[in-house]
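Asker: As a plain string of letters, each chain reads:
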Amino acid sequence: MELDSKCPSGPIETRWDRGRFALKLVNPANKRKHTIIVVGTGLAGGSAAATLAELGYNIKSFCFQDSPRRAHSIAAQGGINAAKNYHNDGDSIYRLFYDTVKGGDFRSRESNVYRLAQISVNIIDQCVAQGVPFAREYSGYLDNRSFGGAQVSRTFYARGQTGQQLLLGAYQALEWQIGEGRVAMYPRSEMLDLIVIDGRARGIVTRDLITGKVESHIADAVVLATGGYGNVYYLSTNAKGSNATAIWRAYKRGALFANPCFTQIHPTCIPVSGEYQSKLTLMSESLRNDGRVWVPLKKGDQRPPNQVPEPERDYFLERRYPSFGNLVPRDVASRNAKLVCDEGRGVGATGLAVYLDFRDAIERLGRETITDRYGNLFEMYERIAGEDPYQTPMRIFPAIHYTMGGLWVDYNLMTTIPGLYAIGEANFSDHGANRLGASALMQGLADGYFVLPNTINDYIASAKLEKAGASHPAVREAEQQVAARTKRLLDIQGTRSVDSYHRELGKLMWDYCGMSRTAAGLKHALAMIPELREQFWRDLRVVGAGEELNQSLEKAGRVADFFELAELICIDALERNESCGGHFREEYQTADGEAARDDANYSYAAAWEFRGVDAHPELHKEPLDFEYVHPAQRSYK
Amino acid sequence: MRIVLHIWRQRNSSDKGRMVRYEVPTVSEHMSFLEMLDVLNEDLIARNEDPVAFDSDCREGICGMCGCMVNGVAHGPLPGTTLCQLHMRHFKDGDELYLEPWRARAFPVIKDLIVDRTAFDRLIAAGGFISVSTGSAPDGNAILIPKHDADRAMDAAACIGCGACVAMCPNASASLFMGAKIAHLGTLPQGQPERASRVLAMVAQAKEETFGSCANIGECEAVCPKGIKLDVIGRMNRDFIRASWGRSGA
Numbered sequence: 002m003e004l005d006s007k008c009p010s011g012p013i014e015t016r017w018d019r020g021r022f023a024l025k026l027v028n029p030a031n032k033r034k035h036t037i038i039v040v041g042t043g044l045a046g047g048s049a050a051a052t053l054a055e056l057g058y059n060i061k062s063f064c065f066q067d068s069p070r071r072a073h074s075i076a077a078q079g080g081i082n083a084a085k086n087y088h089n090d091g092d093s094i095y096r097l098f099y100d101t102v103k104g105g106d107f108r109s110r111e112s113n114v115y116r117l118a119q120i121s122v123n124i125i126d127q128c129v130a131q132g133v134p135f136a137r138e139y140s141g142y143l144d145n146r147s148f149g150g151a152q153v154s155r156t157f158y159a160r161g162q163t164g165q166q167l168l169l170g171a172y173q174a175l176e177w178q179i180g181e182g183r184v185a186m187y188p189r190s191e192m193l194d195l196i197v198i199d200g201r202a203r204g205i206v207t208r209d210l211i212t213g214k215v216e217s218h219i220a221d222a223v224v225l226a227t228g229g230y231g232n233v234y235y236l237s238t239n240a241k242g243s244n245a246t247a248i249w250r251a252y253k254r255g256a257l258f259a260n261p262c263f264t265q266i267h268p269t270c271i272p273v274s275g276e277y278q279s280k281l282t283l284m285s286e287s288l289r290n291d292g293r294v295w296v297p298l299k300k301g302d303q304r305p306p307n308q309v310p311e312p313e314r315d316y317f318l319e320r321r322y323p324s325f326g327n328l329v330p331r332d333v334a335s336r337n338a339k340l341v342c343d344e345g346r347g348v349g350a351t352g353l354a355v356y357l358d359f360r361d362a363i364e365r366l367g368r369e370t371i372t373d374r375y376g377n378l379f380e381m382y383e384r385i386a387g388e389d390p391y392q393t394p395m396r397i398f399p400a401i402h403y404t405m406g407g408l409w410v411d412y413n414l415m416t417t418i419p420g421l422y423a424i425g426e427a428n429f430s431d432h433g434a435n436r437l438g439a440s441a442l443m444q445g446l447a448d449g450y451f452v453l454p455n456t457i458n459d460y461i462a463s464a465k466l467e468k469a470g471a472s473h474p475a476v477r478e479a480e481q482q483v484a485a486r487t488k489r490l491l492d493i494q495g496t497r498s499v500d501s502y503h504r505e506l507g508k509l510m511w512d513y514c515g516m517s518r519t520a521a522g523l524k525h526a527l528a529m530i531p532e533l534r535e536q537f538w539r540d541l542r543v544v545g546a547g548e549e550l551n552q553s554l555e556k557a558g559r560v561a562d563f564f565e566l567a568e569l570i571c572i573d574a575l576e577r578n579e580s581c582g583g584h585f586r587e588e589y590q591t592a593d594g595e596a597a598r599d600d601a602n603y604s605y606a607a608a609w610e611f612r613g614v615d616a617h618p619e620l621h622k623e624p625l626d627f628e629y630v631h632p633a634q635r636s637y638k
Numbered sequence: 004m005r006i007v008l009h010i011w012r013q014r015n016s017s018d019k020g021r022m023v024r025y026e027v028p029t030v031s032e033h034m035s036f037l038e039m040l041d042v043l044n045e046d047l048i049a050r051n052e053d054p055v056a057f058d059s060d061c062r063e064g065i066c067g068m069c070g071c072m073v074n075g076v077a078h079g080p081l082p083g084t085t086l087c088q089l090h091m092r093h094f095k096d097g098d099e100l101y102l103e104p105w106r107a108r109a110f111p112v113i114k115d116l117i118v119d120r121t122a123f124d125r126l127i128a129a130g131g132f133i134s135v136s137t138g139s140a141p142d143g144n145a146i147l148i149p150k151h152d153a154d155r156a157m158d159a160a161a162c163i164g165c166g167a168c169v170a171m172c173p174n175a176s177a178s179l180f181m182g183a184k185i186a187h188l189g190t191l192p193q194g195q196p197e198r199a200s201r202v203l204a205m206v207a208q209a210k211e212e213t214f215g216s217c218a219n220i221g222e223c224e225a226v227c228p229k230g231i232k233l234d235v236i237g238r239m240n241r242d243f244i245r246a247s248w249g250r251s252g253a
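Sequences listed follow chains A and B, in order.
The numbers in my numbering rise by one with no breaks, and the one at position 184 of the first sequence is 185.
The numbers in my numbering rise by one with no breaks, and the one at position 5 of the second sequence is 8.
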């Protein structure tokens with residue numbers, strides 16, 4: 002299979018303009034004759050569904066939550082990047098592009114990233130017009146803050162709830178269109194298969210989570226905006242319901258899955274407290290603007306943090322990376338935290354934590370300013386950890402947070418199945434091997450508001466689709482597969498719960514395919530996962546029936562897919578014999594312990610093709626060219 | 004510690020439902036309330052009994068999906084906290100807790116502790132937005148907003164749509180929820196053109212959805228996990244009266 006990224010060539014500044022101009026348009030009067038399915042209602046899906054409806058398309062929008070307003074974008078705290086240069090501090094579209102390509106450790110597509118940086122500017126304007134209450138200065142102008150991996154202030158924010166406010170903006174735009182009758186909304190519906198007719202994506206099979214009814218929906222194109230797959234690790238900062246089922250079923254129907262091993266570990270999360278732990282809570286990266294990360298110099302120092310005198314503290318990020326200090330990118334910060342904990346200098350009951358200390362910032366700026374900036378985050382921390390971060394430093398530890406990998410898409414965001422699009426975290430294209438903070442919101446909204454609504458017309462205008470109905474054999478076949486799978490899960494009647502398997506799988510992945518990886522560890526995981534999967538299908542217990550609300554059944558279907566995806570992640574991690582971004586292979590590091598990339602052999606996106614559950618997937622490579630930002634070892638020193 | 008739970012069990016919307024007593028003998032003080040329910044459910048599955056259905060998603064107090072009545076109080080005893088953020092350190096050994104779904108005609112029970120809150124979505128669809136199409140926005144700094152106004156708008160916009168306000172109100176009024184949206188958009192210059200039509204449409208929709216009227220009791224404010232203040236309701240009422248006069252005068 003030849004992977005054609007369809008990136009326009011020529012000067013990068015005008016690629017998006019020229020690319021768009023070359024695409025076909027659909028006459029406004031004809032748009033209402035076309036139906037588009039959008040699965041997921043986060044920043045990408047919500048904004049896409051609303052915008053496509055405004056353009057005149059018939060939209061069917063699906064989410065598994067009870068309302069489109071709940072999608073997990075809502076939990077993003079810190080902010081959204083945009084190259085406005087409102088602060089006259091040297092920012093520009095080119096610099097945001099440069100930072101993002103470098104931050105992604107030279108494993109993303111230059112054309113896509115440049116477009117993202119260009120569009121970033123429009124996103125802020127759009128959100129302000131919708132009434133998103135971004136933080137303002139006393140003059141009434143928009144305020145900014147800094148984020149990891151950048152030396153300029155380009156992050157727009159709404160207290161510690163930026164994701165919530167941006168999502169509510171998209172949600173309100175979507176509800177407006179629902180009220181106008183242009184979007185049919187299907188909450189509490191889960192996509193369980195993709196319908197492919199004559200090689201094109203033509204619809205989806207869903208399960209109504211209240212009644213258990215399996216239904217088919219036919220359309221002219223299908224957009225997956227279903228987020229990332231961090232929950233394969235069980236403990237992550239993702240919402241409990243976040244899952245990979247939609248993209249995984251698309252993969253099994255022929256869409257290629259790119260760079261699955263590029264997973265992001267967020268450095269500042271509240272540490273695990275016990276076996277019952279159901280998820281991990283993120284503390285925004287923005288805290289690293291004012292908080293200082295440290296551990297005691299001595300191993301096994303049990304003194305309370307406030308009794309450790311200054312000379313006996315090791316501010317390890319400031320020490321190792323003097324120019325970026327506490328604001329190094331996420332992968333670097335996480336790995337260094339792991340390093341000091343491995344040395345036995347971790348803090349807290351488990352020794353798996355480092356301090357994030359606001360003492361100096363409170364002294365310098367006053368408690369009021371700190372409350373203004375991070376008040377809700379401090380409250381959240383106190384609620385969970387039972388300690389007051391104004392008095393005692395926070396204890397933090399890295400946790401799985403985001404997945405850069407996802408369905409392979411071309412420049413127009415179309416997967417390898419014609420008519421199937423993937424946007425937001427569900428695709429792989431913009432963040433390379435590591436995403437910078439405040440860039441996920443930017444990408445979700447760029448894809449949904451501005452990219453997809455421009456590119457999808459080209460497909461709709463040229464596809465010339467045959468009419469297809471519910472009786473089409475491909476529809477029947479997909480429905481039967483869904484029903485058979487549900488029945489199979491219910492019929493096992495074994496002894497162990499879904500959560501017990503999920504937890505075990507997650508631990509395996511965290512231990513062998515987490516913050517650092519080795520060939521031996523990955524081979525071990527690849528031997529263990531099929532065994533555990535086999536046991537799952539033999540000894541799972543799902544109580545209840547299929548024709549009712551059954552949360553265990555929902556989880557079982559998702560975990561079954563996580564088992565298969567976990568294998569693909571490990572296969573990809575084993576195949577990539579280099580360290581880059583979030584993918585750190587212990588065999589490949591520089592003398593001072595930094596990631597050692599191998600550009601000569603691995604400067605490509607690894608796109609995997611499904612060949613069967615027990616067969617090895619086939620690797621296709623999309624070579625990455627860097628015409629503008631020349632690959633160098635990332636240095637934040 | 005040991006916690007005794009009395010939980011509302013109802014198979015589906017047509018089932019009558021009843022309270023059932025359970026015991027969770029091994030609760031750690033560091034567990035969240037929902038993690039305690041997870042532990043109960045694991046135990047029920049082990050005994051081949053139907054686990055308790057309850058909604059939750061982000062488990063960090065922002066998605067608004069979780070919530071139930073705990074001893075008659077929406078989201079439980081800790082002020083300013085969603086159920087997922089409530090930790091068991093606030094309870095003591097031997098406590099008996101009664102868990103019920105949100106109580107409101109507009110929020111019918113789907114199963115156990117899960118209710119249907121789509122009425123909230125229809126309130127927003129009626130008018131809780133600024134109708135700006137993608138692409139037509141001027142530069143973000145072309146609209147200056149005094150910090151004080153931006154902060155007040157943000158205070159109201161912090162609503163997570165969980166429904167605790169409705170569940171706690173003796174009238175099952177959605178006034179705090181609507182008032183929050185009306186105050187958020189109505190405080191900002193961008194929200195002015197539709198300020199009158201918004202409040203009229205949302206109030207009319209609330210009646211349609213069988214939400215009750217506000218009688219200034221204030222239970223909503225007391226249980227709101229995001230600290231939305233009662234004055235948003237005053238603001239909504241003012242906007243409503245002004246909009247109604249404006250309309251009859253026109």
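Calculated directly from the structure, the hints in this document are not laboratory data.
Small disclaimer: the values here were computed from a predicted structure and weren't measured.
Treat the hints with care, as some may be off.
As the list claims (entries may be wrong) - Here are the simulated DMTMM-like cross-link-like pairs (lysine to aspartate or glutamate), alpha carbons at most 25 Å apart as the crow flies:
1) Lys-19/B with Asp-540/A
2) Lys-95/B with Asp-389/A
3) Lys-488/A with Glu-549/A
4) Lys-95/B with Glu-383/A
5) Lys-232/B with Glu-369/A
6) Lys-150/B with Asp-209/A
7) Lys-638/A with Asp-593/A
8) Lys-488/A with Glu-216/A
9) Lys-488/A with Asp-593/A
To be verified - Covered by chain A, according to a simulated footprint, are these stretches of chain B (three or more residues, beta-carbon under 8 Å):
10) 131-141
11) 188-194
In this text, a Cβ means the ideal position worked out from N, Cα and C, and glycines have one as well.
Asker: Give a verdict on every hint.
Answerer: Against the structure, the hints:
1. Lys-19/B with Asp-540/A: Status violated; Cα separation ~34 Å.
2. Lys-95/B with Asp-389/A: 22 Å, holds
3. Lys-488/A with Glu-549/A: Answer holds: Lys-488/A to Glu-549/A is near 13 Å, not above 25 Å.
4. Lys-95/B with Glu-383/A: 19 Å, holds
5. Lys-232/B with Glu-369/A: This hinted pair holds, its Cα atoms lying about 21 Å apart.
6. Lys-150/B with Asp-209/A: 45 Å, violated
7. Lys-638/A with Asp-593/A: 12 Å, holds
8. Lys-488/A with Glu-216/A: Holds: Lys-488/A and Glu-216/A sit about 16 Å apart, inside 25 Å.
9. Lys-488/A with Asp-593/A: 54 Å, violated
10. 131-141: holds (count 11)
11. 188-194: That given contact holds, which follows from 4 residues of the segment 188-194 of chain B lying within Cβ reach (below 8 Å) of chain A.
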